[in-house]
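Number of protein chains: 2
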Amino acid sequence: MSEIYPPFEPPRRILMGPGPSNVSSRVYRALARPTIGHLDPAFLEMMNQVSDQLRLLFGTANRLTFAVSGTGSAGMETAFVNALEAGDTAIVGVNGVFGQRMCSVAERCGARVVTVEAPWGEPLDVGELIDTWRAHEDARLLAVVHAETSTGVRQPLEELGAALRESETLFVVDAVTSLGGIPVRVDDWGIDICYSGTQKCLSVPPGLAPITFSERALERSRSRGGSVQSWYLDVGMIASYWGAERSYHHTAPINMLYALHEGLRIVLEEGLETRHERHRSLGERLQSGLTERGLELLVAEPYRLPQLTSVRLPDGVDEGAMRRELLDRYGIEVGGGLGPLAGEIWRVGLMGETCRWENVLSFHAALDELLEDNGT
Amino acid sequence: MSEIYPPFEPPRRILMGPGPSNVSSRVYRALARPTIGHLDPAFLEMMNQVSDQLRLLFGTANRLTFAVSGTGSAGMETAFVNALEAGDTAIVGVNGVFGQRMCSVAERCGARVVTVEAPWGEPLDVGELIDTWRAHEDARLLAVVHAETSTGVRQPLEELGAALRESETLFVVDAVTSLGGIPVRVDDWGIDICYSGTQKCLSVPPGLAPITFSERALERSRSRGGSVQSWYLDVGMIASYWGAERSYHHTAPINMLYALHEGLRIVLEEGLETRHERHRSLGERLQSGLTERGLELLVAEPYRLPQLTSVRLPDGVDEGAMRRELLDRYGIEVGGGLGPLAGEIWRVGLMGETCRWENVLSFHAALDELLEDNGT
Numbered sequence: 001m002s003e004i005y006p007p008f009e010p011p012r013r014i015l016m017g018p019g020p021s022n023v024s025s026r027v028y029r030a031l032a033r034p035t036i037g038h039l040d041p042a043f044l045e046m047m048n049q050v051s052d053q054l055r056l057l058f059g060t061a062n063r064l065t066f067a068v069s070g071t072g073s074a075g076m077e078t079a080f081v082n083a084l085e086a087g088d089t090a091i092v093g094v095n096g097v098f099g100q101r102m103c104s105v106a107e108r109c110g111a112r113v114v115t116v117e118a119p120w121g122e123p124l125d126v127g128e129l130i131d132t133w134r135a136h137e138d139a140r141l142l143a144v145v146h147a148e149t150s151t152g153v154r155q156p157l158e159e160l161g162a163a164l165r166e167s168e169t170l171f172v173v174d175a176v177t178s179l180g181g182i183p184v185r186v187d188d189w190g191i192d193i194c195y196s197g198t199q200k201c202l203s204v205p206p207g208l209a210p211i212t213f214s215e216r217a218l219e220r221s222r223s224r225g226g227s228v229q230s231w232y233l234d235v236g237m238i239a240s241y242w243g244a245e246r247s248y249h250h251t252a253p254i255n256m257l258y259a260l261h262e263g264l265r266i267v268l269e270e271g272l273e274t275r276h277e278r279h280r281s282l283g284e285r286l287q288s289g290l291t292e293r294g295l296e297l298l299v300a301e302p303y304r305l306p307q308l309t310s311v312r313l314p315d316g317v318d319e320g321a322m323r324r325e326l327l328d329r330y331g332i333e334v335g336g337g338l339g340p341l342a343g344e345i346w347r348v349g350l351m352g353e354t355c356r357w358e359n360v361l362s363f364h365a366a367l368d369e370l371l372e373d374n375g376t
Numbered sequence: 001m002s003e004i005y006p007p008f009e010p011p012r013r014i015l016m017g018p019g020p021s022n023v024s025s026r027v028y029r030a031l032a033r034p035t036i037g038h039l040d041p042a043f044l045e046m047m048n049q050v051s052d053q054l055r056l057l058f059g060t061a062n063r064l065t066f067a068v069s070g071t072g073s074a075g076m077e078t079a080f081v082n083a084l085e086a087g088d089t090a091i092v093g094v095n096g097v098f099g100q101r102m103c104s105v106a107e108r109c110g111a112r113v114v115t116v117e118a119p120w121g122e123p124l125d126v127g128e129l130i131d132t133w134r135a136h137e138d139a140r141l142l143a144v145v146h147a148e149t150s151t152g153v154r155q156p157l158e159e160l161g162a163a164l165r166e167s168e169t170l171f172v173v174d175a176v177t178s179l180g181g182i183p184v185r186v187d188d189w190g191i192d193i194c195y196s197g198t199q200k201c202l203s204v205p206p207g208l209a210p211i212t213f214s215e216r217a218l219e220r221s222r223s224r225g226g227s228v229q230s231w232y233l234d235v236g237m238i239a240s241y242w243g244a245e246r247s248y249h250h251t252a253p254i255n256m257l258y259a260l261h262e263g264l265r266i267v268l269e270e271g272l273e274t275r276h277e278r279h280r281s282l283g284e285r286l287q288s289g290l291t292e293r294g295l296e297l298l299v300a301e302p303y304r305l306p307q308l309t310s311v312r313l314p315d316g317v318d319e320g321a322m323r324r325e326l327l328d329r330y331g332i333e334v335g336g337g338l339g340p341l342a343g344e345i346w347r348v349g350l351m352g353e354t355c356r357w358e359n360v361l362s363f364h365a366a367l368d369e370l371l372e373d374n375g376t
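Top to bottom, those sequences are chains A and B. Residues 1 to 376 (the UniProt record's numbering) are what the first sequence spells out, left to right. Residues 1 to 376 (the UniProt record's numbering) are what the second sequence spells out, left to right.
Hints are computed from structural coordinates only; laboratory data are not their basis. Cβ atoms here follow ideal geometry from the backbone N, Cα and C, with glycine treated the same way. Treat the hints with care, as some may be off.
Claimed, not checked - For the chain B half of the interface with chain A, some residues (derived, Cβ under 8 Å), not all of them:
# : residue
1 : Y28
2 : G207
3 : Q229
What the hints assert, rightly or not - Label pairs and their computed distance ranges (CB to CB):
#  : chain 1 : residue 1 : chain 2 : residue 2 : range
4  : A       : R29       : B       : G320      : 32 to 42 Å
5  : A       : G316      : B       : E166      : 34 to 44 Å
6  : A       : E273      : B       : G316      : 29 to 39 Å
7  : A       : H364      : B       : G87       : 54 to 64 Å
8  : A       : S227      : B       : P302      : 29 to 39 Å
9  : A       : R12       : B       : G127      : 52 to 62 Å
10 : A       : E158      : B       : P11       : 39 to 49 Å
11 : B       : E9        : A       : P7        : 43 to 53 Å
12 : B       : D52       : A       : A342      : 49 to 59 Å
13 : A       : L56       : B       : A135      : 56 to 66 Å
14 : B       : E270      : A       : S104      : 37 to 47 Å
15 : B       : A321      : A       : G225      : 40 to 50 Å
16 : B       : G225      : A       : S227      : 32 to 42 Å
Stated by the list, open to error - Below, a sample of chain B positions facing chain A; criterion: calculated Cβ distance under 7 Å:
#  : residue
17 : S24
18 : E77
19 : Y303
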């Protein structure tokens with residue numbers, strides 16, 4: 001490069017992909033408030049408020065409830081590196097990319113991974129998960145994805161949590177795409193470690209991973225034989241910064257935490273029930289519009305997420321080209337398929353701020369034009 | 001909690017601690033620009049520009065030059081987890097908190113750590129480092145901190161880099177507090193992995209860790225026996241997202257990257273030499289003002305960082321109380337001492353946007369009043 005680049009001006013987009021979602025102007029304003037120190041008394045008080053507000057969203061009384069200084073995958077890694085030691089058994093449900101990713105993360109912790117699989121687009125069989133656990137009752141954890149971002153499947157959790165509740169096996173749940181869009185009840189469902197991301201149904205830019213640890217999950221991390229393999233994600237030390245001791249660990253992403261604080265206020269102002277109902281009703285409207293157009297949805301009704309819809313494209317459509325056209329002509333971003341679904345589906349998000357009726361209408365209208373232009 | 005918290009309004013602060021530093025209004029504006037997708041063609045082009053601009057700052061032609069999606073300590077962890085495998089030897093220089101942290105991170109990689117130590121406030125002896133390396137020529141890496149944030153010591157690097165250049169040992173440098181404040185010349189000095197943070201001399205809020213890997217360092221990570229123990233920080237996979245393949249790995253912290261892009265533009269507009277000279281001359285002005293007041297500086301002149309000054313407090317002063325008074329009455333944040341220096345010193349930063357003559361004058365004036373009120 002020979003000269004300085006011009007300022008970056010992002011193009012106008014409606015973010016209807018699998019995340020990030022659109023962000024409220026209130027959150028942008030919070031993000032741009034003046035940076036203060038990570039040990040400033042005013043900042044520490046704000047961190048307490050973030051924890052309190054996250055507890056309401058997660059439905060938990062867990063003391064250790066905070067935001068990991070990284071994106072959703074850092075939340076996943078935080079769950080596994082703290083819960084697992086080399087040689088442990090981890091049972092992981094796999095019906096999409098994020099279940100696969102959990103296996104990879106668990107293997108890198110030196111765990112023996114036992115998988116329970118289902119076809120992409122279907123939920124895991126809860127009975128099979130429980131049977132697998134009974135065959136491996138010494139498993140250190142059992143992990144599933146609540147809302148599989150690669151397919152749009154909702155995984156039922158209640159029965160699984162009830163089965164594991166009195167056991168030695170920690171129940172780990174990926175709520176990256178569910179928190180703030182559909183109910184997540186950590187304490188009621190007996191979840192030990194639950195993590196999310198900011199850029200999905202919370203409508204805060206990516207960069208933080210809200211997470212909560214039950215007392216026994218925290219104790220598991222603290223009482224382990226060796227050190228947690230990640231210094232950055234070691235919750236024993238992080239708990240001393242987010243907790244009353246306020247020991248410096250690493251510099252928190254200060255402005256991102258301002259944004260999360262404001263994003264959580266917006267969620268609580270709307271109310272969780274109202275917010276879930278908004279996602280439910282507009283998701284249904286999006287989906288019925290697609291089936292009315294003769295398009296097939298990947299996921300069967302009872303397991304279909306309202307906030308993320310996988311739709312099969314008609315035969316003969318060049319998925320990538322049409323997705324690019326949707327972006328260039330209409331400014332609408334949707335996601336393509338991953339893995340075995342690449343080229344087959346679109347993933348259409350209606351998360352948080354994006355979940356508005358005008359976006360549903362715009363998407364349907366743009367799709368009609370594109371399908372007509374493509375001769376289908 | 002029974003009601004929703006009010007919006008968070010940060011108090012007015014002059015950030016003269018060891019980081020974060022003050023942030024330009026241009027960077028705040030960039031931070032608050034509308035979020036777009038992490039696979040949006042416009043965003044990918046901006047990532048290329050961030051890499052290009054970082055190469056200029058690091059003084060490198062390294063292809064793999066990017067920003068880790070975490071704070072400075074995540075940069076440190078990225079360096080070590082990719083370079084080290086269990087059983088490797090790592091030589092680490094320790095003369096402060098961040099050298100100690102490197103040991104902890106290396107141990108968690110299963111490495112055998114050989115330390116070379118110096119008293120806090122003094123640089124490491126380069127001859128001793130080289131001798132130690134000769135005694136362990138099979139060492140996988142030798143790591144030192146360029147600007148030790150816990151003491152304000154500058155570590156000379158050139159001779160060390162020259163000694164290691166033709167060897168099998170990777171030269172790893174922590175430039176968290178140096179990049180953008182004093183010269184960092186990755187290629188000239190033969191550094192293989194160099195990482196920094198955004199919230200120091202780059203004056204961007206915390207949340208990203210700029211990093212660069214030489215080809216041989218990247219090759220080392222790719223050709224290792226087992227997987228990198230961190231999925232999130234595995235540069236083999238991250239390189240496929242930042243590189244031409246653009247394979248999705250994890251969702252990048254989009255708005256933080258907007259901010260870094262703008263922060264780097266500001267650095268390049270000022271010019272690196274001018275910027276280094278500004279830090280040099282104002283650091284000297286701050287420091288001479290302190291010695292004129294009869295205060296003792298921790299670090300001897302040739303190794304004293306201009307951007308971070310450790311000053312001993314007069315006997316009988318309650319350091320914590322006076323630091324709190326400086327914050328409450330004057331809105332000036334400075335850092336206290338860490339480890340053996342707790343209660344003994346203040347760490348006064350003049351980094352990036354904070355490095356202005358009016359801040360030097362304000363700090364001197366506030367200090368005069370506080371010392372008078374404390375009867376010294």
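In ascending order, which of the hints set out earlier in this document are inconsistent with the structure? When the structure is compared with the hints, numbers 5, 6, 11, 12, 16, 17, 19 turn out to be violated.
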